[in-house]
Amino acid sequence: MSILAGAGTRVVVQGLTGREGTFHARSMIEYGTDVRAGVTPGKGGTRHLGLPVFDTVAEAVRSEGVDASVIFVPALAAAGAVMEAAAAGIGLIVCITEGIPALDMVRVKAFLRDTPSRLIGPNTPGLISPGLTKLGIMPGPIHKPGPVGVISRSGTLTYEAVHQLTLLGLGQSSAVGIGGDPIVGLSFTDLMALFEKDPATGAVVLIGEIGGSAEEEAAVLIRSGYKKPVIAYVAGLTAPPGRRMGHAGAIMSGGHGTAARKIELLEEAGARIVRNPAEIGKAAAAVLIGRS
Amino acid sequence: MRIHEYQAKKLLAGFGVPVPRNEVASTPAEVRAIAEEMGGPVILKAQIHAGGRGKAGGILKAANPAEAATAAMRLLGVPLITEQTGPLGRVVRRVLVEEILDVTRELYVGLTLSREEACIVLLVSPRGGVDIEALAVNEPDLVLREPISPSGLLPAQAERAAQALGLTGPAPAQAVRLFADLLRAFEATDASLIEINPLVVTAGGSLVAADAKMDFDDNGLPRHPDIRDLFDPDEMLPEELEARRAGLSFIRLDGDVGCMVNGAGLAMATMDLIALAGGRPANFLDVGGGVTEEAVSKAFAILTSDPGVRSALVNIFGGIVRCDLVAQGIVRAARERGIRIPVVTRMEGTNVELGRKILADSGLPFTAAPDMETAAREAVRLAREPGGAR
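Note that the protein sequences, when read in sequence, are chains A and B.
Okay, so the first sequence: first residue is 1 according to our numbering, each after it adds one.
Okay, so the second sequence: first residue is 1001 according to our numbering, each after it adds one.
Heads up, a few of these hints could be off.
When the alpha-carbon atoms are kept at most 25 Å apart in a straight line, the in silico SDA-like pairs for lysine to any residue are as follows [stated by the list, open to error]:
# : chain 1 : residue 1 : chain 2 : residue 2
1 : A       : K144      : B       : N1351
2 : A       : K144      : B       : M1038
3 : B       : K1213     : A       : R243
4 : A       : K109      : B       : L1183
5 : A       : K144      : B       : L1354
6 : B       : K1213     : B       : P1126
7 : B       : K1055     : A       : K109
8 : A       : K109      : B       : A1180
Chain A stretches covered by chain B per the calculated footprint, using a threshold of three residues with CB under 8 Å from any CB of chain B [what the hints assert, rightly or not]:
#  : stretch
9  : 34-47
10 : 92-101
Just so you know, these hints were derived from the structure itself, not from any lab.
Glycine included, every Cβ here is placed at the ideal spot set by N, Cα and C.
Produce the complete structure using the sequences and hints provided.
If you want it as structure tokens, here you go:
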């Protein structure tokens, strides 16, 4: 089992014919993802990587029955691509694109409120349900199927955590990056709720960072009686205030969004806090073995 | 990206925002000429990207053109140290010369982006000239917050905000117009912050933006070349500027263990690990996902050129970035520029064997570590060795 995407998920890649889209679609197909089609405006009717290419998402939905989209469209066109996917009835939209203007995301979020579509990202490595499907750009081989749900705001730090888990023999039910931008689709708490309902998930690893309030909201959810153990690491204890740490969303201002405060709240709420990022795997193992 | 007050005032005036008569100058002679032109007393404001200028002596009044020229001599070419600049301050290269307003009240108006609500928010307060974040915490009743839907500020919201400012006469109508103008400016330029602090009420009863601060969303800059041109390279450290040009994300800190990492989260985690191991990180450096060998080489050169850095830690988890490409970049930079400090490398992920081999075969004095914790400990140990840097 997994959350959001599994073996039956039929995928369309928006921006399939571009450099990034081609590279990662190929890697997804190799992983076993059921990629059915691509969308590139103006290239409808052609084929790419052996897949039919359509001008619009709606045509891909009609013709191939796709129900999830992975977006590799350039930054200034990506918001339009997300809204197009939602309007075409795509249930799960994973937007990999980095650099989307925040005001575009304001419009996207308002648009999505009136649709049932769920958005992951933007500026995310995507979502993987190991052994089943990969809707993203993460290296597949470091993952393995298992009981740990992973939620993160970053890319390579998630790979690091997953790698630690896998080396210890702990697989993952699903691993999801919510995205490093200030305004993103699904939040930590949305994904935690999904993992809570997933019978295959035994524990949740939460990888946070400075800025925003995703971790604070997670702490509130845990405190309200969250049913699965949560192991949390928050990056950025040594980050200076007022500076953007790479991710557009990783910034502390006016004393808000500090790693120390997030850690304190998560700890008070009952999460198992990992202070050393090299020990995320060990902490998860201790929690899972302690329960079994 | 932040711009100067004089740039923000010019930009906002273009959207109909009332600003004082003003002109920017970079020499005392220019200041004198502007003061003569304006006639009467003027105010000189040092143009740097930092708040707290008034308290630090960066804002001076002058009764006549001669005094203005003298004041300009005191400000120009000298570092101004405010509570926000750090101990070195910022060299003042320009001053804004403005007419002096007859002020009866100081108010606050700002627009910012709310991450949680995913919308623009209007903030107003009848108490201007103060730190609005502190005011919002200490006296929340004095700050009104109106979230704005993508379809715009509702008339009722605008009226509520004007009322919260405690305005009378023609000023409330002017305030409503001002909110609309500021919102148009915000949306048209992909701003992330506009602050008019203070917005003043003059003796004549009209509203004027006495100060203006604007930040922009870096992700919006590609569609606003005119805004991007307002970037002032003098407001950035030379190595931060060099990194920015190479497409790298680099922030100088005050420690002695340098680090180079792919990915922002992993870079922060690496800094935290250095601190856990008892060291102090010298920087944040994320080489990003689509990095080239050239950029890696640049990154490594920037990192190791800092005289305060006594050891360096390279932490790469290859995903899209291949370890071999990073290794080649490091070897190239080390051969071209030489390395005077010990370098600890930790690689994992895509093409890791090849990457490790390139480093090992280079004949250069790299220390390979099996995992990131060992790498951090080793880098901290090397930074502490007497005479550490070689």
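Hints versus structure:
1. With a C-alpha separation of about 19 Å, the suggested pairing of A:K144 with B:N1351 holds against the 25 Å cut-off.
2. Between A:K144 and B:M1038 the alpha-carbon distance is near 73 Å, which puts this suggested pair outside the 25 Å criterion.
3. A hinted pair counts as satisfied when its Cα atoms are at most 25 Å apart, and B:K1213 with A:R243 qualifies at roughly 17 Å.
4. Between A:K109 and B:L1183 the CA atoms are separated by roughly 19 Å; this keeps the pair inside 25 Å, and the hint holds.
5. In summary, the hint linking A:K144 to B:L1354 is supported, as the alpha carbons are separated by about 24 Å, within the 25 Å threshold.
6. For the hint linking B:K1213 to B:P1126, the alpha-carbon distance of about 18 Å falls within 25 Å, and the restraint holds.
7. A distance of roughly 42 Å separates the Cα atoms of B:K1055 and A:K109; the hinted pair therefore is violated under the 25 Å criterion.
8. The suggested pairing of A:K109 with B:A1180 holds, with an alpha-carbon distance near 22 Å, which does not exceed 25 Å.
9. Counting residues of the stretch 34-47 of chain A whose beta carbon lies closer than 8 Å to any beta carbon of chain B gives 0, which falls short of the minimum of three for the stated coverage.
10. Check on the stretch 92-101 of chain A: 4 of its residues sit with their Cβ under 8 Å from a Cβ of chain B, so the three-residue criterion for coverage holds.
Violated hints, listed in ascending order, are 2, 7 and 9; each of the other numbered hints is respected by the structure.
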